Amino acid sequence: EDKVVQSPLSLVVHEGDTVTLNCSYEVTNFRSLLWYKQEKKAPTFLFMLTSSGIEKKSGRLSSILDKKELFSILNITATQTGDSAVYLCAVERGSNYQLIWGAGTKLIIKP
Amino acid sequence: DAGITQSPRHKVTETGTPVTLRCHQTENHRYMYWYRQDPGHGLRLIHYSYGVKDTDKGEVSDGYSVSRSKTEDFLLTLESATSSQTSVYFCAISQSRGTDTQYFGPGTRLTVL
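Those protein sequences? They're chains A and B, same order as listed.
Under our numbering, the first residue of the first sequence is numbered 1, with each subsequent residue one higher.
Under our numbering, the first residue of the second sequence is numbered 1, with each subsequent residue one higher.
I should point out that these hints are in silico values taken from the structure, not numbers from a laboratory.
Nothing here was measured: the structure is a model prediction, and the numbers come from that model.
Each hint should be verified, as a subset may be incorrect.
[What the hints assert, rightly or not] Computed from the model, here is a short list of chain A residues facing chain B with C-beta under 10 angstroms:
id: 1; residue: 38
id: 2; residue: 71
id: 3; residue: 78
id: 4; residue: 98
Beta carbons are placed, not taken as given, at the ideal position from N, Cα and C, and that holds for glycine.
Just chain A, same shape as in the assembly (with noise of 0.2 angstroms):
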């Protein structure tokens, strides 16, 4: 059965710090991976990555993918209060472009 595990599941950091977000998957059919990002609302987009090993970048947010090892890992550097959110990972499945959801990680700034 096709899955896509997020960790760590909840995370509460102070401002200013680094954070790294997982997301492994065992996808059949890979096509590509998503980020979105959760303020109590709706999902907003991130990142779509598709090959590995190239850095997606945007300000202090950064993703990258292993198709090798099957995860991505997501970066936010100098952490800002306006980062707490939940973070979502999907994996899009090739045969017929479904996304799989991972639970997600709900990322805490503290001042």
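Since chain A is already given, all that's left is putting chain B on it; use the hints.
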């Protein structure tokens, strides 16, 4: 933000009653999706549509039906609501399938008593 609205935003209903949730988009995207989100499960696909009158099942479709009579509207119906259908329901849209970003609506919180 993508032009996606959902109605109602909150609903409380009783077991056995029919419920219809509406998703409306102004982006003219071809694909529309209904997900439910429950603690510990992430998002799970209920149904999706790839065009007017074209729909297909997702991984948790039992107890749900959908209809799409216009490009902009996608309806989710619970024919006879059960307590296990208490959840937050999200609608999403995308221009195409396959390596394309899905944009989400604000969600509907449904409580079935």
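Which of the numbered hints are not met once you compare them with the structure shown?
-> 2 and 3
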